[in-house]
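Peer 1: For reference, the chains in residue letters:
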Amino acid sequence: MSISVYIPGPFRSATGNQAKIEADGNNVEEVLKEVGRKYPGIKSLVFDMSGDVADHVAIFVNSRDIGTLQGKSTSVADGDEVSIVPAMSGGAIGWTEEQIQRYSRHIVMPQVGGKGQRKLLNAKVLLVGAGGLGSPTAMYLAAAGVGTIGLIDADVVDLSNLQRQLLHDTNDVGRPKVDSGAERIHDLNPEVNVVKYRTLLTSDNAMEIIKDFDIVINGCDNFPTRYLVNDACVFLKKPLVDGSILFFEGQASVYLPGQGCYRCLYPAPPPPGMVPSCAEGGVLGVLPGIVGCIDAIEAIKLILGLGESLAGRLLLFDALKMEFRTMKLRRDPQCPVCGDNPTVTELIDYEEFCNGVSPAAAVAAGLAGD
Amino acid sequence: MAVEVRVTAVLQQVVGGAKTVQSEGGTVSELLDDLERRYPGFKAQVMAQDGQLHRFVNIYKNDEDIRYLGQLGTAVAQGDVISILPALAGGFA
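Residue numbers (this note's numbering), protein chains in the order written: chain A, 1 to 370; chain B, 1001 to 1093.
It is worth saying that the hints were derived from the structure and are not from the lab.
The reader is advised that the hints may include incorrect statements.
Stated by the list, open to error - Selected chain B positions facing chain A (in silico; Cβ < 8 Å):
hint, residue
1, Glu1036
2, Phe1056
3, Tyr1060
4, Glu1064
5, Ala1087
Quantities reported herein were computed from a predicted structural model and do not represent experimental measurements.
Beta carbons: idealized from backbone N, C-alpha and C, even for Gly.
Take these sequences, add in the hints, and give me the full structure.
Peer 2: Following this line, the structure appears as structure tokens:
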């Protein structure tokens, strides 16, 4: 079949000044090969040394960037138009001048490049919790240009949060965390689309909320939500980046669909009161800063397809010893939710009630030594 | 023989604030018995009355979960590091 190919001004010297040429092919890759065959002079303008389309060149089928379709395998049919659109300093369709400047430190790295930055811009990441872990994660994902960031948090900002939750500041005390979080993200990077969910995650809404995102990052502060998020991600086949902290230690891992889940590690939650929350037990403020950043790095690695994910490993961080250790994680065939014979097939709302020390008593005890 | 046992978070309070304790035994089970002798109440934090590990506690020999080795009967030797990890919930509260 015959496909129209639009040739941008700067490349027309290679095609005898033609703005539109015809080429055969069933998909973008074939069409571009054919263009290169007919007009060899264009090859060095469109392709890089490995034969792929160069990072500063965008390819559109009709009006859609192939990066949002099936890349160079995107099929084309009679009547379609393939457009070659290089980045130009005078204002490109692919990138704005400001984007090129903003993300230049990413773009110049061969492992990221314009291609990688585009993946970040197209990515949709959901953060469960806009607090200690969610704060650094949200800020670094926003800075990196993740195009859509979802924030789920039902809380308002409390003075005690400011010891560690850098997404919020003193002027935000009393405001919903998702509001101050969205503002902070937009101050950092106005082009991030922030989707706010000022709600508790429950079995009623978890599937509906999570389904629209590519990656979920668990920065919540309680066991019921942790298991809810995990189970929903298994059911919806979403990668889950999971971070948690207490006192001076943190844990982090990544659960990929089919490769294990949080329940493979901890099949059921502890009885209420056996493991303290941060309010009861306390946490070094900067600790979630470290683990939250690790969560952000792992999410970015997944989006870019770079490096070795923490999938299959449990990272343990001990701030006092300044020590990182890893344990092997594997999918448990007897896991109740992702195993061979799952017994958990629906979301569960574990009831949470405090049987342990009340936060007020814990603070009083701490001050008694002053 | 003496084996290094690392405990995290809540368990540190049971062993007087230490993060690392020495324990004697040839299997994980013997180590836990030894720890119970030194720190009464330790075992209850880690296992139920029926002798099964609590499901929210994992034990690693070096970097391998003992569930995939020999469970509580997993043999330990000098130089092994045993880590006892209860689940952590803290995220943002």
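Peer 1: Now, for every hint given, state plainly whether the structure supports it.
Peer 2: Against the structure, the hints come out as follows:
| no. | hint | verdict |
| --- | --- | --- |
| 1 | Glu1036 | violated, 18 Å |
| 2 | Phe1056 | holds, 4 Å |
| 3 | Tyr1060 | holds, 5 Å |
| 4 | Glu1064 | holds, 6 Å |
| 5 | Ala1087 | holds, 4 Å |
Of the numbered hints stated above, the single one contradicted by the structure is hint 1.
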